[in-house]
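2 protein chains.
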Amino acid sequence: MSNLTESLIKMEKHNSIFEQQIRKLDVPICKVFGNMKSLSPVEFSETGETLSTKDTAQVNESFKNCVKASGNKVLAATGTNKNPLSKKRVAVLFSGGPAPGGHNVVAGLYKILGKENTLLGVKAGPKGLLEGDLFEITAADIDSIMNTGGFDFLGSDRTKIKSEEQFLSVKKTCLNHKLDAIVVIGGDDSNTNAAILAEYLSSDIKEDGSGVQVIGVPKTIDGDLQIGDLLPISFGFDTATKIYSELVGNILQDTPSSRKYWHFVKLMGRSASHVALEVALQTKPAVALISEEVSEKKMSLAEIVESIAKVVIERSNKGINHGVVLVPEGIIEFIPEMTSLIEELNEKIAVYEKEMHNLSGVEKREFIYSKLTAQHAQLMATLPDYIEDMLLAERDSHGNLQVSLIPTEQLLIDMVKSSIKATDPKVPFKTLNHFFGYEGRCGAPSLFDAAYCLNLGLTAASLILSGKTGYMASICDLNSGGKPVAIPLTGLLNIERRHGKDEMVIEKALAKTDSEAFKYFAERRNIWAKEDLFASPGPRQLWGPASKQTPVTVALNRKYSNLDFKIGE
Amino acid sequence: MSNLTESLIKMEKHNSIFEQQIRKLDVPICKVFGNMKSLSPVEFSETGETLSTKDTAQVNESFKNCVKASGNKVLAATGTNKNPLSKKRVAVLFSGGPAPGGHNVVAGLYKILGKENTLLGVKAGPKGLLEGDLFEITAADIDSIMNTGGFDFLGSDRTKIKSEEQFLSVKKTCLNHKLDAIVVIGGDDSNTNAAILAEYLSSDIKEDGSGVQVIGVPKTIDGDLQIGDLLPISFGFDTATKIYSELVGNILQDTPSSRKYWHFVKLMGRSASHVALEVALQTKPAVALISEEVSEKKMSLAEIVESIAKVVIERSNKGINHGVVLVPEGIIEFIPEMTSLIEELNEKIAVYEKEMHNLSGVEKREFIYSKLTAQHAQLMATLPDYIEDMLLAERDSHGNLQVSLIPTEQLLIDMVKSSIKATDPKVPFKTLNHFFGYEGRCGAPSLFDAAYCLNLGLTAASLILSGKTGYMASICDLNSGGKPVAIPLTGLLNIERRHGKDEMVIEKALAKTDSEAFKYFAERRNIWAKEDLFASPGPRQLWGPASKQTPVTVALNRKYSNLDFKIGE
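The listed protein sequences derive, respectively, from chains A and B. Take any residue in the first sequence, count from 1 to its spot, add 2: that is its number in this note's numbering. Take any residue in the second sequence, count from 1 to its spot, add 2: that is its number in this note's numbering.
Since the hints were made in silico from the structure, they are not lab data. A hint or two may mislead.
Identical copies look the same in the list; a pair holds intra-copy or inter-copy alike.
[As the list claims (entries may be wrong)] In silico lysine-lysine, BS3-like type, Cα no more than 25 Å apart, as pairs:
no. : residue 1 : residue 2
1   : K510      : K164
2   : K532      : K15
3   : K432      : K129
4   : K174      : K162
5   : K521      : K180
6   : K26       : K550
7   : K568      : K26
8   : K15       : K521
9   : K568      : K39
10  : K423      : K208
11  : K300      : K66
12  : K162      : K262
13  : K561      : K428
14  : K125      : K532
Everything numeric in this text was worked out from a predicted model, so none of it was measured.
Modelling step: build the complete structure from the supplied sequences, incorporating the hints.
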């Protein structure tokens with residue numbers, strides 16, 4: 003075997019040259035924790051800020067223990083905790099879709115818990131907590147996962163802990179593994195779950211009558227878990243949007259090089275358009291749709307199509323027959339007439355299930371046209387056949403259409419094509435489409451996420467060693483050193499109607515059209531539509547002069563004076 | 003306006019933080035050129051190596067002037083050219099699809115030509131040469147394109163210069179712009195074109211009876227232009243495969259994190275599987291198909307499908323219900339039975355055009371089944387309906403099916419699904435598919451491509467200032483300082499049957515199953531199939547300890563002892 007093949011074999015299993023190097027990379031730490039060689043847990047004090055929502059009175063009734071303890075007050079780190087708790091057994095789990103940086107949260111927990119305490123990993127998410135599938139995390143584990151992407155160290159799943167039986171299973175796991183605390187790394191739903199768990203586990207769990215602490219850590223590439231200055235952004239958003247922005251930047255760079263394509267790019271991000279807005283601000287494409295704006299302005303599908311066609315034609319008149327259109331994954335659900343059409347279809351299909359069962363595609367369409375309100379029949383007629391077929395396809399177990407399966411980018415391409423053909427058939431309109439999603443969830447974290455996550459872990463562990471429960475860890479003031487804070491989960495709960503009943507949940511943060519980020523976008527987009535002013539943000543750098551960048555939406559919304567992030571400075 | 007919004011506006015038009023920084027990045031230079039602050043053209047001497055192909059005798063007849071001048075001998079740089087030609091007017095153009103690093107070739111040309119000569123950019127590729135669309139390139143232009151991705155500085159197109167009329171247009175452009183030399187940056191076909199142009203322009207072009215020099219530069223992300231040790235790789239291949247490898251690595255990292263998906267990833271690269279092989283070597287997926295092997299082993303579609311299904315089932319038996327399958331873009335054309343089916347379909351559709359014209363999809367299929375040989379009818383019956391419809395769809399102007407439009411990754415998913423359902427229906431097989439192509443053609447060059455391209459430009463300009471014509475510039479010995487060489491284009495020409503007539507062309511370099519890279523892959527792939535041994539190469543780094551990496555296939559095939567590239571060391 004040659005030296006080269008020998009070293010190639012050594013690169014297998016997470017040991018690429020890059021992975022070997024990033025493990026050794028020091029990431030910045032908020033000064034209050036000390037430095038990488040000597041880290042200490044911090045203690046927390048109440049800030050003046052008390053959180054509430056429209057439903058706080060009712061929430062307080064349901065979460066008596068947690069609210070009694072926290073008073074829904076925000077805490078901030080004030081200095082080293084000189085008398086931290088010890089001999090704590092802490093379990094950590096990932097919940098929901100993966101996001102870059104998760105491994106660093108685990109590393110941060112481990113580095114504060116130290117040898118005085120035990121950190122246990124829960125395998126495969128909430129399901130592992132129910133089944134008691136835990137193992138002790140070692141120093142060698144931490145060395146190997148440091149700064150790497152993915153959730154594969156523990157795995158994850160989407161189980162929601164809701165039933166009494168499930169709560170009893172969690173209790174059993176707590177007892178079997180002698181747990182003192184659980185850290186839930188997850189999105190809005192998982193942190194809602196953490197709040198419920200914190201209340202349920204607040205006392206009478208262990209033999210001595212004490213409870214098990216629960217701390218949440220805000221994760222999601224979608225960016226829909228953010229709380230003003232307190233939680234500037236969920237982790238993973240920065241890396242995912244930097245990955246998508248590189249790709250969109252590369253494609254933008256391709257357009258005036260090959261001079262013939264319009265690329266329609268659908269971007270992951272569930273309902274909210276944070277991802278699309280961030281990528282637009284980083285890359286400056288000809289068109290970027292923002293779902294929340296579509297909904298607010300009650301735009302019709304035809305209006306959206308016309309707005310894109312107009313840009314295509316105007317650019318073509320100037321000799322530019324290329325461009326990029328960004329489409330947020332969830333846009334269909336924000337077009338009022340589409341949601342109302344889908345609702346009527348859901349109803350009609352439920353009513354006429356038997357009659358429609360044996361009809362062919364064409365027959366089904368004809369049948370349903372006769373049953374729809376005139377307005378909806380008219381809208382339906384403007385859609386391409388394959389979309390009509392999808393809209394009439396099988397419903398899920400709740401009788402709903404899986405809207406996410408609709409190929410929105412192709413629908414828009416086809417409708418814009420028809421529109422251009424009708425208005426100005428000479429305008430060239432060659433298209434390609436893309437969907438960027440899975441490639442962004444597990445990339446190695448950007449330096450921003452690597453640092454943010456490590457500090458989130460340090461904060462979460464510090465909260466545990468201060469005896470706190472029912473809080474979400476956060477780092478704010480990212481442009482001025484970084485400040486560890488603790489957000490009382492109960493202070494975030496709203497009552498929402500879900501699956502036919504009222505539930506207390508953390509509200510998903512949608513993009514706001516009155517935010518600084520949206521307003522800046524709205525100011526520039528017409529200029530970007532007219533001529534190529536795009537930029538290529540390039541691959542995220544872990545070393546060198548281009549490595550320290552805050553997401554643009556975060557910097558604008560938090561009114562930072564520049565894009566540098568300054569944790570530890 | 004805030005400081006932040008002001009700086010965001012300054013980042014428009016190729017001025018992201020990354021783009022601002024890479025412009026300032028020094029890239030390594032072969033010592034023979036001096037250093038970045040003081041660059042000198044080099045002179046060339048004959049090496050002992052003479053190139054020939056099976057058709058050299060015939061080629062020599064058609065390329066009398068060039069062969070007479072070069073003797074088909076390879077040249078190597080020997081030292082500074084102390085008496086370079088001057089007052090040369092040199093035109094440079096991009097030809098074909100974009101590839102990362104092209105801008106640095108232009109920068110390299112400019113840096114050697116200096117103020118004593120003039121560099122002209124040809125707009126929009128060969129078409130611009132025919133139309134005489136040229137402009138003078140300035141020092142400010144070079145500063146702004148340095149190390150950036152894309153071909154947008156000049157644009158490109160796919161026009162082939164073949165007809166007498168086109169040659170006369172080129173001659174006219176040479177005269178109008180007083181050109182002394184043309185540099186063609188392109189792939190195998192474009193360099194074939196450069197050879198023909200070099201011969202045509204070798205004398206009697208300018209008023210004094212002299213000719214116009216033509217130098218080729220080897221570009222293509224597909225990697226199918228490589229010539230043993232002389233031309234280790236075409237430029238752009240490294241960056242494109244690093245971009246795809248990051249994405250595939252991210253997806254691999256996602257698989258054990260979410261624990262439920264098989265991802266089928268189609269990779270750009272036209273016919274050859276160099277890209278798929280390189281990405282496989284960098285990421286170590288469960289399965290990677292290599293077209294050239296399929297062809298050599300005469301594998302049937304069913305055999306390919308079974309080989310994948312076997313891996314899926316074996317992994318599932320061990321509890322691994324996820325994985326990644328890499329599929330080269332051109333594989334269909336390498337499956338003997340598929341090409342023979344498509345050939346028969348092309349013939350039959352031509353014969354029965356009228357009869358089939360008004361038939362529906364189902365009727366068409368029934369009709370054609372009765373006309374096909376039994377073997378082909380049987381194969382056709384195993385294909386999903388949508389593929390059958392595609393195979394019967396409209397032909398191009400030559401009566402051929404556009405094979406590239408067949409969604410191979412979806413075809414494989416559907417057929418593997420059927421196969422698993424038949425063998426072991428309990429095996430979970432949830433799938434997602436991807437196509438990575440356009441996002442890799444215009445990314446900012448890796449440090450490898452940035453350096454390689456700059457040195458290619460320095461070499462090409464040096465050849466011009468030495469009065470050479472009909473050569474392709476290359477840099478070899480990338481692991482030991484880098485050596486500028488000149489490859490006589492005529493020494494590469496073979497006779498191939500194209501569009502029904504013999505043409506002298508540079509042969510496309512396919513991946514070889516007896517190459518070191520393939521042999522290493524073949525040795526490891528069964529191990530990668532059985533368990534997760536993948537690695538994530540991460541985003542390409544322009545700074546820091548992970549920035550200097552040669553493509554793995556190049557290092558293996560050239561028997562380098564490691565992956566470090568050492569231009570200038």
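Within, between, both or neither, where K300 and K66 count as close if Cα-Cα is 25 Å or less:
neither (41 Å within a copy, 71 Å between copies)
At 25 Å max between alpha carbons, let me know whether K532 reaches K15 within a copy, between copies, both or neither.
Between copies, since 13 Å is at most 25 Å while 47 Å is not.
Between the shortest in-copy and the shortest cross-copy C-alpha distance, which are at most 25 Å for K568 and K26: within, between, both, or neither?
both (20 Å within a copy, 23 Å between copies)
With identical chains treated as interchangeable, where does the CA-CA distance between K510 and K164 reach 25 Å or less: within a copy, between copies, both, or neither?
The answer is within: 19 Å in one copy meets 25 Å, while 61 Å across copies does not.
Given identical chains, is K125 near K532, meaning Cα to Cα at most 25 Å, within a copy, between copies, both, or neither?
between (51 Å within a copy, 22 Å between copies)
Under a CA distance limit of 25 Å, which applies to K521 and K180: within one copy, between copies, both, or neither?
neither (51 Å within a copy, 52 Å between copies)
Treating 25 Å as the Cα threshold, decide for K174 and K162: within, between, both or neither.
within (17 Å within a copy, 74 Å between copies)
Since the copies are identical, ignore which copy is meant and state whether K432 and K129 lie within 25 Å (CA to CA) inside a copy, between copies, both or neither.
between (47 Å within a copy, 20 Å between copies)
25 Å Cα cut-off: does K162 pair with K262 within a copy, between copies, both or neither?
between (48 Å within a copy, 18 Å between copies)
Is it within, between, both, or neither for K568 and K39, if the alpha carbons may be no more than 25 Å apart?
For K568 and K39, only the intra-copy Cα distance (19 Å) is at most 25 Å; the inter-copy one is 35 Å.
Check K15 against K521 for me: Cα-Cα at most 25 Å, and say if that holds within a copy, between copies, both or neither.
between (45 Å within a copy, 20 Å between copies)
Homo-oligomer pair classification [K550, K26; C-alpha up to 25 Å]
Close inside one copy (18 Å) and across copies (17 Å); limit 25 Å.
Against the hints set out earlier in the document, violations occur for numbers 5, 10, 11 and 13.
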